[in-house]
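Here is how the chains run, residue by residue.
Number of protein chains: 4
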Amino acid sequence: MEIAEASSTQKKIIDAAIKVFSEKGFEGATTSEIAQEAGVAEGTIFRHFDTKKGILQGILISAVTSFQRPQIMVSLARMIEKGEDHSCVSMVKEQLDVIEQQLPLLKLLFYEAQFHTEVQEIILEKIARPILDLLSQSIGKRKNMREFRCFDSNLMAITLISSLWGYVIWKQIASEEETIDEEEALIQVLHIWLKGVQANLHDC
Amino acid sequence: MEIAEASSTQKKIIDAAIKVFSEKGFEGATTSEIAQEAGVAEGTIFRHFDTKKGILQGILISAVTSFQRPQIMVSLARMIEKGEDHSCVSMVKEQLDVIEQQLPLLKLLFYEAQFHTEVQEIILEKIARPILDLLSQSIGKRKNMREFRCFDSNLMAITLISSLWGYVIWKQIASEEETIDEEEALIQVLHIWLKGVQANLHDC
Amino acid sequence: MEIAEASSTQKKIIDAAIKVFSEKGFEGATTSEIAQEAGVAEGTIFRHFDTKKGILQGILISAVTSFQRPQIMVSLARMIEKGEDHSCVSMVKEQLDVIEQQLPLLKLLFYEAQFHTEVQEIILEKIARPILDLLSQSIGKRKNMREFRCFDSNLMAITLISSLWGYVIWKQIASEEETIDEEEALIQVLHIWLKGVQANLHDC
Amino acid sequence: MEIAEASSTQKKIIDAAIKVFSEKGFEGATTSEIAQEAGVAEGTIFRHFDTKKGILQGILISAVTSFQRPQIMVSLARMIEKGEDHSCVSMVKEQLDVIEQQLPLLKLLFYEAQFHTEVQEIILEKIARPILDLLSQSIGKRKNMREFRCFDSNLMAITLISSLWGYVIWKQIASEEETIDEEEALIQVLHIWLKGVQANLHDC
DNA sequence: TATGAATGAGCTTTCATTCAT
DNA sequence: TATGAATGAAAGCTCATTCAT
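As given, the protein sequences belong to chains A, B, C and D, one line each in that order. Position one of the first sequence corresponds to residue 58 (the numbering used here), numbered consecutively onward. Position one of the second sequence corresponds to residue 58 (the numbering used here), numbered consecutively onward. Position one of the third sequence corresponds to residue 58 (the numbering used here), numbered consecutively onward. Position one of the fourth sequence corresponds to residue 58 (the numbering used here), numbered consecutively onward.
Simulated from the structure, these hints should not be mistaken for lab results. Bear in mind that the values here come from a model prediction, so they are computed numbers and not experimental data. Careful: at least some of the hints might be erroneous.
Identical copies carry no separate label here, and so any pair may be met within one copy or between two of them.
Distance condition first, Cα-Cα at most 30 angstroms in a straight line; then the derived DSS-like pairs of lysine-lysine [claimed, not checked]: (1) 110 with 76; (2) 200 with 110; (3) 76 with 198; (4) 81 with 252; (5) 109 with 139; (6) 139 with 81; (7) 198 with 228; (8) 139 with 68; (9) 110 with 252; (10) 200 with 76; (11) 200 with 252; (12) 139 with 150; (13) 150 with 109; (14) 69 with 198.
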C-alpha cells in the first residue's frame, strides 16, 4: 500500500496544519511548527506542498469533501420539509457537536477567504452555495405548499444558518457562564426560526 | 498644542493600522506598511505603541468608544420595546450601512480575539456584553408583558444579532448576484425574528 | 557627513561582496558571509539591496565607473597612435598591474554575464563597447595613414586586448613557473601585435 | 551487459550535467535538474558520483579525453611548422566551430577551476600544458630556423591561443552585429599573429 | 518628539544527500 | 542497480524593534 503510505505523510501534514493554523491563524503559524506537529522534517512539507499557502489550499480541498453536504444540513432540510420533528432535533444537535469540533477550522477558512481569492471562490462554490441551495429548495417546497411565508428563500436559509452559527459561537465565547441546557437552547433557536417563517393563513 | 499634535500622530497611526490590518490581517500586516500609510517613520509607531500588538489594542480601545452602544442597537432595542415600527426599520437600515463600512475591522477584531486573550476580554466586556444586555433587557420587558415567548432572553438576542450579521456578510459575499431590494431584505429578516419570538396566547 | 556615512555602509557591503564573490563565485557566496566580511548585520544588506542579485548589479555599477575608460586603455590608444613608445610600455605595465589586482572581479563579472542578461547588457554597453571603440578609433587613424594593415579595426583591437588578457591569465595560472621578466614579456606581447598589424609598403 | 548499461547511465548523467552546468553554472545548477535532464532518479546520480562536485570531475575526465590533443591544435601546429597554408586555414576554421559548440563547457571548466583546486590541476596538466607544449614545440622549430622572432615560445603560443579565444568570445557576444565574414576574420587573426612573430632578417 | 538606519532572530524555501524499498 | 520520499542544514529574505541623531 505504497500510495496509502505516501498520502499518509500528506495527511499527517494536513492534520497538523489544521491544528496549528486553527490555533495561531495562517500567518501566525510557522511551517516549522507544522512540521514538528506532523512529526516530519520541515523540508518534507515542501515536497507535498509548493508553498505555505499551498497547505491552506490542501486543507480546503480536504475540507470540501467533508463539508460539501454535511449531514447536519441534510437533517435540517429534512426537518424543514417535514415540519418540526423532535427526533430530528436530537440529530441536528448531535451533528452540531461535530461542527463545533471543527469550529476553529471553519473560522480559519472563512476568515482567510478575505485575503486569498482562490480560497474564497472554492468555499463559495463548493461549500456555501451547495448548502444554501439545499436549504433553499426545502424551504421552497414549503413555500409552495403555502406553509412558509413568501419571503426570499435564500434569506430564510441564511437566517437559519446564521442563527445556528451565532448560537454555536456564543456557546464558545460564553462557555463559563450559566447557560440553559444545550438541547433546550437548540430547540428554542429552531423554534424561533420555524415560527418566524411559518405562513399565516391569509399570507401572500 | 503639543499634546493635540501627539495624539493626532497617534490617530493617524490608528487609522492607518485599521486600514492595513483590515486588508491584510494582523499578522499579514507590517509595521512598515502602517507607517507608510500613516505618513510617519516606522520608529515613530514605537513611540506611541510598545509593540505591534499594542496597535491592535489601541484600535480596540478606539473601537470600544464607537461600538459600546452603537446607535443601531439602541434603535433595535426601541423597535423591540415598541413592537415593529416602520420608521424604526429605516433607521436600522441606515445604521446597518455604517456597520457594513466597518465590517473588515469588526471581522478583524472578532477573529484576532481568538489569539489574544486581552482583546477577547475587552470585546466581550465592552462590546458584546453591553449590546447583549441592552437587547436582553428590551426583550425581557416584552416577555414580562407576555408578548414574547418565554425563551432565554440572551438566546433571542443572539438570534437577532446573528441573523442581521449573516445578512450583512451574505450581502458582501454574494454582492454581484441578483438579490432582492436591500430594505425589503432587512424587513424580511426582522419580520422573521419578530414573528419567531412573538408569544402565542397560551404560551408559557 | 551623514550622507557619506550612509553610503559608507553601502560601500562596505559592495567591497565585501566583491571579495566574497571573487573568492566563491556568485552562487557559491552567501549573504551571511558577505555581511560578516562587511561587518554589518545580514539584514542590513537587504536595506541596501533588494536581492542578492542586486548586490551583483551594485558591484557592476560601481565597477562601470572605474572601468569605463581605464587608464590602461588610454595609454594603449596613445601607444597605437604614436607608434611604439617605450615610455608608454612602462605605463601600460604599471596599469596592467592594477588590472591584475581586479582580475577576480573582472572574471566574475564576465562569467556571470552569461546568466544575468542585465549584467551582460551593462558590461557590453558600458565597458566592452567604449574600450573597443577607443582602441578601434586609434587603430583607424593609423589605418588611414597607411601605417596599419587594412584589417577590420574591431578585430585588431580584440586581438590586442585578448593577447594582453591571455598573458595576464597565464601569469596567474603558471605563477610558480620560471617565466621571463614581466616587463620583457609585456614588451614581447605588444611587439608581436604591433608588427602583426603594421602595413607593408604595398599593402591594401 | 550490465556494465555497459551502467556506464550508459553514467554517460546520460554526464551529458545532462554538461548541459545544465553550462546553462546555470556549477552552483546554480541543481542535482534534481540534472536528474530530470538525464531521465533518471535523483538518487541514481549519487550511485555514480559521490557528490555534486564529483559530477564536475566526471565531466572534466570525459572532457580531458576530447580536449587533450584537440584536432584544432594539431592543425595549428602544422600551420605554424609549414608557414601559412590556406588549406590549413579552412581546417582550423572547421575545428573552431567545434570549439564554439563546446564554449559553454570550456568557460565553465576554466571558471570553476578557480574554486576547485583538483579541477584546476587537471585542466592545467591535462589540457592547457599539452596544448601549449604542442604549439611551443612547433614555434620552437621555426625559431631555430630563424623564421620566427626569438621571443619566448610559450608567450607566442599564448598570444595565438588567446587571440583565437578572444575572437570566438567576441563572435558570441556581438552576434547580432554586422561583422565581417567569419572565414575572412579568422584569416585576419591568424595573419596578424603570423606576421607578428615572423623574424626580420637581422633579428636576434 | 520624530526619525530611519541598523539589527538579528526567525521566517519560508531550497537542495545535496541518504536509505528503505 | 535504480528509485524517490524523506531529511535537515543552510540558504535568501523579512520585519518588529532599538537607538543615535
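Going down the list of hints, with the structure as the test:
Taking the closest pair of Cα atoms, residue 110 and residue 76 come within 30 angstroms of each other both inside a single copy (15 angstroms) and across two copies (23 angstroms). Proximity of residue 200 to residue 110 under the C-alpha cut-off of 30 angstroms is found in neither arrangement, the shortest distances being 43 angstroms within a copy and 50 angstroms between copies. Proximity of residue 76 and residue 198 under a CA criterion of 30 angstroms is satisfied in neither setting, with 40 angstroms inside one chain copy and 44 angstroms between copies. In the homo-oligomer, the alpha carbons of residue 81 and residue 252 never lie at most 30 angstroms apart, since the shortest distance is 40 angstroms inside one protomer and 41 angstroms across protomers.
Proximity of residue 109 to residue 139 under the C-alpha cut-off of 30 angstroms is found in neither arrangement, the shortest distances being 45 angstroms within a copy and 53 angstroms between copies. Proximity of residue 139 and residue 81 under a CA criterion of 30 angstroms is satisfied in neither setting, with 42 angstroms inside one chain copy and 44 angstroms between copies. Proximity of residue 198 to residue 228 under the C-alpha cut-off of 30 angstroms is restricted to the inter-copy arrangement: shortest distance 24 angstroms between copies versus 32 angstroms within a copy. For the homomeric pair residue 139 and residue 68, neither the shortest alpha-carbon distance inside one copy (39 angstroms) nor that between copies (56 angstroms) is at most 30 angstroms.
Taking identical chains as interchangeable, the C-alpha atoms of residue 110 and residue 252 are never at most 30 angstroms apart, the minima being 44 angstroms within one chain and 45 angstroms between chains. Taking CA atoms no more than 30 angstroms apart as the test, residue 200 paired with residue 76 passes in neither setting, with 42 angstroms inside one copy and 43 angstroms between copies. Taking the closest pair of Cα atoms, residue 200 and residue 252 come within 30 angstroms of each other both inside a single copy (14 angstroms) and across two copies (17 angstroms). For the identical chains of this complex, residue 139 and residue 150 are intra-copy neighbours only, at 17 angstroms inside a copy versus 34 angstroms across copies, given an alpha-carbon limit of 30 angstroms.
Within a single copy, residue 150 and residue 109 get their C-alpha atoms no closer than 35 angstroms, and across copies no closer than 41 angstroms, so neither meets the 30 angstroms cut-off. For a Cα distance limit of 30 angstroms, the shortest separation of residue 69 from residue 198 qualifies neither inside one copy, at 43 angstroms, nor across copies, at 54 angstroms.
The structure is inconsistent with the numbered hints 2, 3, 4, 5, 6, 8, 9, 10, 13 and 14, although it conforms to all the rest.
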